[in-house]
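**Q** Protein chains in written order, with this note's numbering: chain A, 1 to 113; chain B, 1 to 114.
It is possible that some hints are incorrect.
Below are the BS3-like pairs computed for lysine-lysine, each with C-alpha atoms no more than 30 angstroms apart in a straight line [stated by the list, open to error]:
(1) K58/B x K68/B
(2) K49/B x K68/B
(3) K68/B x K106/B
(4) K58/B x K69/B
(5) K106/B x K9/A
(6) K57/A x K106/B
(7) K9/A x K57/A
(8) K58/B x K57/A
(9) K70/A x K57/A
(10) K9/A x K69/B
(11) K106/B x K14/A
(12) K106/B x K49/B
(13) K14/A x K57/A
(14) K69/B x K106/B
(15) K71/A x K68/B
(16) K9/A x K71/A
(17) K106/B x K58/B
(18) K9/A x K70/A
Hint data in this document are derived by calculation from the structure and do not stem from the laboratory. The model shown is predicted, which means the values in this text are computed figures rather than measured ones.
Here's the letter readout for the chains.
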Amino acid sequence: NAGVTQTPKFRVLKTGQSMTLLCAQDMNHEYMYWYRQDPGMGLRLIHYSVGEGTTAKGEVPDGYNVSRLKKQNFLLGLESAAPSQTSVYFCASSYATGNTEAFFGQGTRLTVV
Amino acid sequence: AQSVTQLGSHVSVSEGALVLLRCNYSSSVPPYLFWYVQYPNQGLQLLLKYTSAATLVKGINGFEAEFKKSETSFHLTKPSAHMSDAAEYFCAVSGVQAGTALIFGKGTTLSVSS
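So here's chain B without its partners, still in its complex pose:
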C-alpha cells in the first residue's frame, strides 16, 4: 500500500529564510505525488503535483518540489518565506491504478516569524 511520511510535525523559519518541508513516499512504482496547503479554518488546496513529466515541479506562491526516485522523496521548498506562508502543509500520494485513493501524510505546520 502507498504511504507518505512527513518528517517534522512543526517547522519554524524567519521571514525571508528558506523553507524546506520533507516528504518521503513508499511505493513499489513511482506514484503521483502532491502537496496541499491548509490555512486556518479552511479546507485544503493544491500547491503542486508530480505527474512524471518533470522532476522539478513549480507550484503556486513560489513553492516548488523535486521528485527524487533514488531517495523516494518529494521535498517542498521556497527560497524566501513570507508571513502569509504560515499554514499546515500536507504531502499526499495517489496510485497509478484506477480505483486507488488519495492518501495523506500527517502534515507539517509551518510557522514564520518576523
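In isolation and in its complexed conformation, chain A is listed as follows:
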C-alpha cells in the first residue's frame, strides 16, 4: 500500500503564481487534513475534510482553498502565492476522528520567491 502520497515533493513559485498540491490516500479514510509546518510553530491545521464533498477551515485557512471531490483525494490550492506561504505542507488521513491514528504523507516543500 502506498498510504498517503503527496505531489509534488518540492516546488518553487513566484509571488502571485497559483498552484495545487495533491494528496491521495488508498486506505479508504474518511478524514483528510492539510497542515503547514514552520520552524517553532509546529503543525498548524489549514483545512480538513470529514468526508467526500465536505471541507472545513482550520487554524490558518487564509490564502488557501481545498476540494474533496473524490474520497481518496484532497487538493490544496494557492490562488496567489505569497512569500509567507513558504513552508512544508503535510497531508494526513484517518479513518475517523477521536482515537484513530492519522497517517502522514512525506511532505511538500514549497518556496515562494
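Mind docking chain B on chain A? Use the hints.
**A** Just chain B, lined up with the frame of chain A:
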C-alpha cells in the same frame, strides 16, 4: 477549543539518560491524546495514543506516556535514551465529538549526545 502545550522547544540528554517530554492539554472533557515523532525530512508517525482504556500507555521504541487528569498532562518518557531517538516530537489532541480535527503542539526537538 482543544489545544496542547509542549513545554520546552528543545531537550538535550545524554545517551542512556531519562527522556522526559512534557505536554499539557486544554479541554473541558478528557480528549484523545497522541504523541507523534518526526525524523529529519520525513512525515510524522504515531508513537502512542491515549484512549481512556489505561492511564499508562506504552508505545513503540520503548516510549510510554501517562495520562494525568488532575494535572491535565500527558508527558512522554523513555528510561534510557538512544542516539536514534533524536527527532522532533509532537503532542496532539483530538476531540471526542465527530467532526473534530487533530490539533498539534509546537513540538519538542530531542537531541541525544554520546
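**Q** Any hints from earlier that this structure breaks? Give me their numbers in increasing order, please.
**A** Those not satisfied are hints 8, 10 and 15.
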